[in-house]
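Chains as they are written, first to last, in the working numbering: chain A, 1 to 246; chain B, 247 to 468.
Heads up, some of the hints might be wrong.
With the C-beta cut set under 8 Å, the calculated list includes, among others, these residues of chain B facing chain A [as the list claims (entries may be wrong)]: (1) G359; (2) A363; (3) Q368; (4) A371; (5) I374; (6) L375; (7) Y377; (8) P389; (9) A430.
Restricting the straight-line Cα-Cα distance to at most 30 Å, the calculated cross-link-like pairs of lysine-lysine (DSSO-like) are [as the list claims (entries may be wrong)]: (10) K71(A) - K197(A); (11) K408(B) - K423(B); (12) K299(B) - K393(B); (13) K71(A) - K299(B); (14) K423(B) - K251(B); (15) K18(A) - K297(B); (16) K71(A) - K297(B); (17) K218(A) - K208(A); (18) K6(A) - K170(A).
One side only, chain A facing chain B, incomplete, derived with CB under 7 Å [as the list claims (entries may be wrong)]: (19) V50; (20) L68; (21) A70; (22) K71; (23) F79; (24) Q83; (25) H89.
No lab work stands behind these hints, which were simulated from the structure alone.
Note that the Cβ used here is the ideal one computed from N, Cα and C, for glycine as well.
Residues per chain are reported as follows:
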Amino acid sequence: MITINKLSLQLQGVQILKEVNAILPKGRIVAFIGASGAGKTSLLNCIAQVYTQYTGSVFLHDQDVRQLSAKQRAQAIGFVFQQCHLFPHLNVLDNCMQPQVVNGVVLVVAHAHALEKLEMLHVVDLACLYPYQLSGGQQQRVAIARALCLRPQILLLDEPSAALDPQNTKILALLLCGLNATGVAIGLCSHDVFLIKSMLDNVYYLDKGMIVEQCDFKRGQPLSGGYIETFLTHGLEENSKDLNYE
Amino acid sequence: MLIAKIFANIFQIWPLLLHGLLMTITVSFGALLIGIIGGILLGIAACQRFKSKLTLVISGYVLIIRGTPVYVQVLMVYYALPELFGINLSPTSAGIVALGCCSIAYVSEVIRGGINAVPIGQWQAAAILGYSSLQTLWYTIVPQVIKTVLPALINEIVAVLKDSSILSAIGLMELTKVAMNVSARTLDPIGAYAVITVMYFVLTSGITLIAKIIEKKLAVET
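Turn these sequences into a full structure, and let the hints steer you where they fit.
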């Protein structure tokens, strides 16, 4: 479980996040939604310690994530970037193996484990290809496999459906739900209504760096007619129609 | 008649020139060893990721070295250093030090540029996956940088090899100095200079050829 306490973030004088409180419960799916620029990605980046200049705290169970070593953190929290950031000089299999080896896993074990994860994400056939030879969807599945290779309890995904067509988005949603069923908690940020709807669990709505609404669908919390309901029925346009684009 | 005379001369001066060639290779190798090792360290220290106060010092060093002729730097190391700090260097060591220090500046710029060209996402991805800074450098950054900096590094190797001819100014018996001496003694301006021209050309072309082969081996499209 991850607990976020009064997390604020300022980058180059701009307030990105303001006193965000949120919880990623064990084994659940938490989605952060909101308009572009609302701070969703920054929030995930803070949880995963890509950004460390935040104030407030992020707790993993009862330990401050900042106090974990890089290796401990990597093995607890997996992160999939929007652009995947696979290592271009390594083939798919090595992309999945090297992080394990760096984290102290024996080569033979790392090899077997990498193949297992690639198989799980249906990309084992691509094991010998290089990232530039893969499509966007394939790259993303490899990136998820790479993150899973370190056996994290929590997997964070930044805009996972941004580069995917509807068909691939559907596959991704199924895949993430399946993954969640194996006990991995998932935290993702997205503005894709379809993706959020197909894995509805616990949703936070962010606006201008603040969490303005939260809804726990799995606990049967009813919609209050606010941002989240509007988002789920009309997409983002409705919530941001007060913006003036002239 | 003239051509026969030139060839007879070349036959005579050949051992001397070979000796000079050996000296040129030794000095260039020494200077490149300093230049490449020092340049890599300085380049890493000066890249955006590891920016610190040291970065400013390094850019100052690069500014000075790049802003002055190698010839002057060689004269400074050989003639001025003994006066300033009491460090007496033989022409060979002075040549290696001067060319090496000059090379450090150029190599560090090449390395710095190469490292900065690697997308920041690569650093972030490695950090997320539990790589330490050194592991990131070794496993992620270096393999990507090598390919991009190799042509510029080869340029530098060739430049140092050719610049070593400047060391004739401090009396080092390298290829150019030997040729100058020989041609003064034999009063033949063609033979010795023609031979060293070919020698330099063969050396640099050899390096370029080897580099091309390495480049081809490293080439994985990205």
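Against the structure, the hints:
1. The interface hint given for G359(B) is broken, as the beta carbon of that residue sits about 18 Å from the closest beta carbon of chain A, more than 8 Å.
2. Here the hint on A363(B) is broken, as its CB sits about 12 Å from the closest CB of chain A, past 8 Å.
3. Satisfaction of the interface hint for Q368(B) is found here, the shortest Cβ-Cβ separation to chain A being roughly 6 Å, below the 8 Å cut-off.
4. Here the hint on A371(B) is kept, as its CB sits about 4 Å from the closest CB of chain A, short of 8 Å.
5. Because the beta carbon of I374(B) sits about 5 Å from the nearest beta carbon in chain A, less than 8 Å, this interface hint is met.
6. With a cut of 8 Å, the hint placing L375(B) at the interface with chain A holds, because the nearest CB-to-CB distance is about 4 Å.
7. Look at Y377(B): its Cβ gets to within about 5 Å of chain A, closer than 8 Å, so that hint holds up.
8. Interface restraint check: P389(B) against chain A, minimum CB-CB distance 4 Å, threshold 8 Å, status holds.
9. For A430(B), the interface hint is violated, since its Cβ never comes within 8 Å of a Cβ in chain A; the closest pair sits about 54 Å apart.
10. Distance restraint check for K71(A) and K197(A): the Cα-Cα separation of roughly 34 Å exceeds the 30 Å cut-off, and the hinted pair is therefore not satisfied.
11. The suggested pairing of K408(B) with K423(B) holds, with an alpha-carbon distance near 13 Å, which does not exceed 30 Å.
12. Of the pairs offered as hints, the one joining K299(B) and K393(B) holds, with about 29 Å between alpha carbons and a cut-off of 30 Å not exceeded.
13. Restraint check for K71(A) and K299(B): satisfied, since their Cα atoms lie roughly 29 Å apart, inside the 30 Å limit.
14. Taken as a hint, the K423(B) and K251(B) pair is honoured in the structure, with Cα atoms around 22 Å apart against an allowance of 30 Å.
15. The hinted pair formed by K18(A) and K297(B) meets the criterion: a straight-line CA distance of about 29 Å does not exceed 30 Å.
16. Pair hint K71(A) plus K297(B) holds up; C-alpha atoms about 24 Å apart against a cutoff of 30 Å.
17. For the hint linking K218(A) to K208(A), the alpha-carbon distance of about 26 Å falls within 30 Å, and the restraint holds.
18. With a CA separation close to 34 Å, the supplied pair K6(A) and K170(A) exceeds the 30 Å bound.
19. With its C-beta approaching chain B no nearer than about 5 Å, V50(A) sits inside the 7 Å limit, and its interface hint holds.
20. Hint status for L68(A): violated, given a least beta-carbon distance of 10 Å to chain B, over 7 Å.
21. Satisfaction of the interface hint for A70(A) is found here, the shortest Cβ-Cβ separation to chain B being roughly 5 Å, below the 7 Å cut-off.
22. Look at K71(A): its Cβ gets to within about 4 Å of chain B, closer than 7 Å, so that hint holds up.
23. With 7 Å as the threshold, the beta carbon of F79(A) comes within range of chain B, its nearest partner Cβ sitting at about 5 Å, so the hint holds.
24. Hint status for Q83(A): holds, given a least beta-carbon distance of 6 Å to chain B, under 7 Å.
25. Using the Cβ-Cβ criterion of 7 Å, the hint placing H89(A) at the interface with chain B is satisfied: the shortest such distance is roughly 4 Å.
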